[in-house]
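Chains as they are written, first to last, in the numbering used here: chain B, 13 to 487; chain U, 13 to 487.
To be clear, the hints were calculated from the coordinates, so they are not data collected in a lab. All residues carry an ideal CB built from backbone N, CA and C; glycine is no exception. Please note: incorrect hints may appear among the correct ones.
Claimed, not checked - Some chain U residues near chain B, calculated using beta-carbon distances under 10 Å: (1) I45; (2) D106; (3) Q116; (4) E175; (5) V178; (6) F196; (7) M197; (8) L201; (9) R307; (10) V311; (11) N330; (12) P378; (13) S454.
As the list claims (entries may be wrong) - Ranges between beta-carbon positions, derived for each pair: (14) L86/B - G356/U: 24 to 30 Å; (15) E167/B - G356/U: 44 to 50 Å; (16) G356/U - G66/B: 20 to 26 Å; (17) H124/U - L86/B: 55 to 61 Å; (18) R366/B - K482/U: 47 to 53 Å; (19) A227/B - T289/U: 21 to 27 Å.
To be verified - Under 10 Å between C-beta atoms, here's a sample of chain U residues computed to sit facing chain B: (20) F60; (21) R63; (22) L134; (23) H147; (24) P474; (25) L475.
Protein chains: 2
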Amino acid sequence: MAKFLVAVLLFSIAAAAYAAGKGQPADPIAPVILGVTGILFFAVLGRFGARTLGQPSVLGELLMGVILGNLGYLFAVDFLLVLREGPAIFDMVDLTLSGAPLEQAADEALGHKNALIILSILQGPGGAELTQVAHAVDVFSRYGVIFLLFLVGLETSIKEMREVGVESLRVAVLGVVLPFAFGFMAARLLMPELSVNVDLFVAATLGATSIGITARVLKDLGKARSHEAHIILGAAVIDDVLGLIMLAIVSGIIISGGFEPFNAIKTVTLASVFLLTAFIAGPRFLRVTINVVDRLDIVEAKMFISFLFVMALAWFANLVGLATIIGAFAAGVILHDGYFHQWGDIKEHQFTIRDLISPLEVILVPIFFVLMGIQVKLETFFNWHVIFMGCGLIIAAMIGKLLSGLGAARGTSRWAVGMGMVPRGEVGLIFASIGKSLHVLSDALFSALVLMIIVTTLVTPPLLKITLKKVPRQN
Amino acid sequence: MAKFLVAVLLFSIAAAAYAAGKGQPADPIAPVILGVTGILFFAVLGRFGARTLGQPSVLGELLMGVILGNLGYLFAVDFLLVLREGPAIFDMVDLTLSGAPLEQAADEALGHKNALIILSILQGPGGAELTQVAHAVDVFSRYGVIFLLFLVGLETSIKEMREVGVESLRVAVLGVVLPFAFGFMAARLLMPELSVNVDLFVAATLGATSIGITARVLKDLGKARSHEAHIILGAAVIDDVLGLIMLAIVSGIIISGGFEPFNAIKTVTLASVFLLTAFIAGPRFLRVTINVVDRLDIVEAKMFISFLFVMALAWFANLVGLATIIGAFAAGVILHDGYFHQWGDIKEHQFTIRDLISPLEVILVPIFFVLMGIQVKLETFFNWHVIFMGCGLIIAAMIGKLLSGLGAARGTSRWAVGMGMVPRGEVGLIFASIGKSLHVLSDALFSALVLMIIVTTLVTPPLLKITLKKVPRQN
């Protein structure tokens with residue numbers, strides 16, 4: 013612990029030295045390095061803290077972000093304030109470059125009160141660079157999410173999905189439908205002033221499942237081979253796909269301009285055409301391309317093909333009105349090492365695609381988690397209405413998933429199955445971040461959803477342990 | 013080949029679809045994805061073309077960039093025009109955010125003629141996003157250079173440098189000093205109107221060596237074990253360090269405000285203190301930190317520690333007035349897998365640090381090469397003065413390195429040794445890019461230096477083959 017304080021101290025010295033020399037760094041990348049590396053440093057601290065306390069890493073990183081962002085707000089730390097308002101500031105820059113006067117653009121994008129604060133920061137010494145740094149952090153975090161979903165896709169095999177049992181299927185469907193329904197009702201009742209679009213998005217976020225945390229608890233307790241574990245893990249495979257379909261439909265409706273039968277049909281059609289094309293043309297395209305690039309060595313070939321393929325599908329997904337991550341996920345499901353058989357027996361390849369893409373994910377995803385935490389504005393909770401809303405969402409989220417356990421057959425521990433489905437983790441967070449990008453979620457709603465994610469992720473390990481007590485230990 | 017045309021066609025369709033939908037992409041990352049992936053796609057094309065013709069990849073990527081950038085200029089492709097003026101546009105945005113009126117900022121950063129063109133692009137539909145995309149490409153390429161130098165550092169061992177023979181040492185020193193001297197003279201004679209700072213920087217760029225190309229030719233000819241090969245490869249190890257020291261001194265002088273005895277002493281002192289501290293405190297710091305993070309798994313630990321360490325040294329290097337890449341190189345020399353012995357015998361580690369950082373380099377470095385190519389402005393050569401200057405630099409660069417062969421003992425093929433030192437490749441390119449960042453190199457000079465790099469890299473393989481004919485084949 014003392015040694016870690018030394019590390020923190022050294023970092024602070026660096027920050028102070030920066031503040032002293034601020035204004036004229038020789039290499040334009042230096043401020044970006046400081047910002048990105050600083051965020052990653054705190055992410056590692058958060059992850060390390062979470063591991064020490066036996067908690068999932070995503071929780072440590074998110075909470076570290078919430079602490080940083082809100083301390084940054086309290087003590088008016090320029091960089092953190094800029095990161096907190098990130099997306100709005102990029103909108104402001106866009107407006108300014110399009111010719112709008114700076115003050116007017118700031119008012120429009122940030123609101124009058126924030127605009128004054130942010131403009132005074134940006135016009136201070138070294139302030140203009142902060143926008144570039146915030147933009148780099150934003151870009152890195154979004155790339156992180158794309159690689160994360162690509163890796164999730166890589167681990168999802170269609171064959172495995174077909175083999176999932178009826179119980180898992182029932183649990184998975186209930187686990188998406190019930191939280192969606194409860195979430196929608198909670199949103200209607202607690203926030204009647206908001207549009208149906210917003211309600212739909214909130215409800216979709218409640219339907220997400222992140223199974224990583226449950227899987228670890230099951231393993232730690234030596235119950236990874238129990239019947240309950242099989243049901244949960246099977247349901248999780250299906251849930252990733254169901255959740256993404258839900259997201260696709262909801263965000264498609266929002267992008268195309270609101271809930272109308274025509275828009276819904278258009279969205280579903282476009283999404284289906286995109287996915288069908290990807291799954292039919294994708295493998296052919298990969299075979300042809302990989303056949304051509306055989307002059308490259310295998311690491312180059314795997315990296316270039318994987319990167320270009322995942323980015324192409326992410327971009328096309330966006331083009332047809334889906335989220336980029338859906339394209340990335342599809343790319344992961346389609347791509348596998350088998351395509352690279354020209355370089356010899358795939359079992360003897362030194363590096364799998366997963367090995368090669370993981371380093372990108374390891375660096376970039378923690379930046380995403382911390383950034384999302386930073387953008388949680390606790391000050392929005394100084395309002396009873398928002399507190400009610402947050403609690404309502406948490407209750408809807410918990411009950412909806414717990415009841416999904418009813419999909420399991422009698423005789424199994426239905427509470428344990430339901431509890432295993434509760435954590436939202438990174439999947440819910442990605443949904444919330446997309447809602448923010450689409451300007452559907454206000455600061456208050458985004459913050460409430462992130463808190464819901466933190467709470468559901470935090471309560472799962474202890475509650476799961478209790479519900480699993482009756483389940484016999486098997487190894 | 014036909015199949016590749018299909019790929020190009022598909023990409024063009026994508027670009028056309030983008031142009032059609034331009035203005036309202038749902039996910040703010042989508043344009044960035046298109047831009048970055050597009051650049052990487054052309055990089056892969058260039059690399060593949062170079063391999064097919066038996067040329068080094070860096071050449072294919074650079075030339076692809078030169079072609080793209082200048083075709084983009086001829087046909088007024090918005091995105092390429094923005095990339096071409098990248099750094100100047102970022103300056104403009106900074107000025108605007110600091111409160112300067114947009115037109116005035118543009119005139120100041122871009123010059124009046126370019127300002128009109130660029131502003132009309134940025135104020136067109138979807139134009140504002142182009143700045144963000146260009147910025148992302150710029151950030152990625154700069155990170156690429158940092159990882160590249162880190163990997164070069166990883167492969168440089170101090171032990172190996174001590175074991176290098178006297179002949180190699182003589183060749184290395186001559187190979188930096190002679191091109192520097194000739195380069196300085198050429199710059200003084202051909203460009204008497206420029207300041208001594210500029211001349212120094214041009215001269216330093218001429219002193220760089222990139223040995224990768226020579227090593228491949230030697231291997232292809234089965235002469236990698238000849239005496240000449242040993243001298244060249246030994247000299248290359250020392251040259252990386254000598255070149256970086258030269259760069260440190262020259263850029264330090266420029267940053268601190270011009271060539272004066274006091275500045276030169278200050279630069280050398282600061283650089284020495286930084287490097288000494290890094291080499292003494294670095295290993296201790298690594299041992300303590302790695303000891304603390306043993307709760308993380310080995311891939312996480314290696315990635316986080318490597319990333320944070322290289323970025324910290326890069327940033328500190330910048331702080332003391334050195335280039336970030338010098339810090340990255342030092343980090344590579346200091347760090348090795350041996351520090352991670354807590355996770356078991358290092359020979360049995362599944363992934364080395366090199367394995368984990370390479371994927372980042374494989375994606376990012378080609379983006380750097382293409383971007384540098386794009387920023388070569390061939391239109392600056394419609395001027396006899398610039399053409400003379402370019403030819404003069406190429407001649408100085410060639411003769412300086414060829415004469416370094418005189419450092420080899422009699423009886424060895426001195427021409428072959430000198431010829432092996434000629435290519436500048438990525439090292440020269442990095443120097444030129446830093447000169448551009450420091451606003452030392454004009455567009456014309458930067459373009460002339462990149463051409464010098466292309467020419468020296470292009471002529472080496474055939475000329476080296478001729479000079480090596482007399483050297484007996486050994487395997």
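Now for the hints, and whether the structure bears them out:
At a threshold of 10 Å, the smallest CB-CB gap from I45/U to chain B is about 5 Å, leaving the interface hint in force. Checking D106/U against chain B by beta carbon gives a least distance of about 4 Å; that is within 10 Å, so the hint holds. For Q116/U, the suggested interface contact is broken, since its CB lies about 13 Å from the closest CB of chain B, more than 10 Å. With 10 Å as the threshold, the beta carbon of E175/U stays out of range of chain B, its nearest partner Cβ sitting at about 29 Å, so the hint is violated.
Evaluation of the V178/U hint against chain B yields a violated restraint, the C-beta minimum of about 36 Å exceeding 10 Å. Hint status for F196/U relative to chain B: violated, with the closest Cβ pair at about 22 Å, above 10 Å. A cut of 10 Å between beta carbons decides the hint on M197/U: the least distance to chain B is about 27 Å, and the hint is violated. This hint is violated: L201/U has a C-beta 29 Å from the nearest C-beta of chain B, more than the 10 Å allowed.
The closest approach between the C-beta of R307/U and any C-beta of chain B is roughly 5 Å, which is under the 10 Å cut-off, so the hint is satisfied. Below 10 Å, beta-carbon pairs count as interface contacts, and V311/U has one with chain B at about 7 Å; its hint therefore holds. Hint status for N330/U: holds, given a least beta-carbon distance of 4 Å to chain B, under 10 Å. Given the 10 Å rule on beta carbons, the hint for P378/U holds: about 9 Å separates it from the nearest Cβ of chain B.
At its closest, the beta carbon of S454/U sits 18 Å from a beta carbon of chain B; the interface hint therefore is violated under the 10 Å criterion. Taken as a hint, the range 24 to 30 Å is violated for the pair L86/B and G356/U, whose Cβ atoms sit roughly 44 Å apart. A hinted range of 44 to 50 Å for the beta carbons of E167/B and G356/U is inconsistent with their spacing of about 26 Å. In this structure, G356/U and G66/B meet the distance hint of 20 to 26 Å, their C-beta atoms being roughly 23 Å apart.
The hinted window of 55 to 61 Å between H124/U and L86/B is violated, with their beta carbons roughly 46 Å apart. Checked against the hint of 47 to 53 Å, the pair R366/B and K482/U passes, with Cβ atoms roughly 50 Å apart. A C-beta distance of roughly 45 Å is found between A227/B and T289/U, which places it outside the suggested range of 21 to 27 Å. With a cut of 10 Å, the hint placing F60/U at the interface with chain B holds, because the nearest CB-to-CB distance is about 6 Å.
A least Cβ separation of about 5 Å between R63/U and chain B falls short of the 10 Å threshold, and the interface hint therefore holds. Checking L134/U against chain B: minimum C-beta separation of about 5 Å stays under 10 Å; hint holds. Hint status for H147/U: holds, given a least beta-carbon distance of 6 Å to chain B, under 10 Å. At about 20 Å, the closest approach between the beta carbon of P474/U and any beta carbon in chain B exceeds 10 Å, and the interface hint on this residue is violated.
With its C-beta approaching chain B no nearer than about 24 Å, L475/U sits outside the 10 Å limit, and its interface hint is violated.
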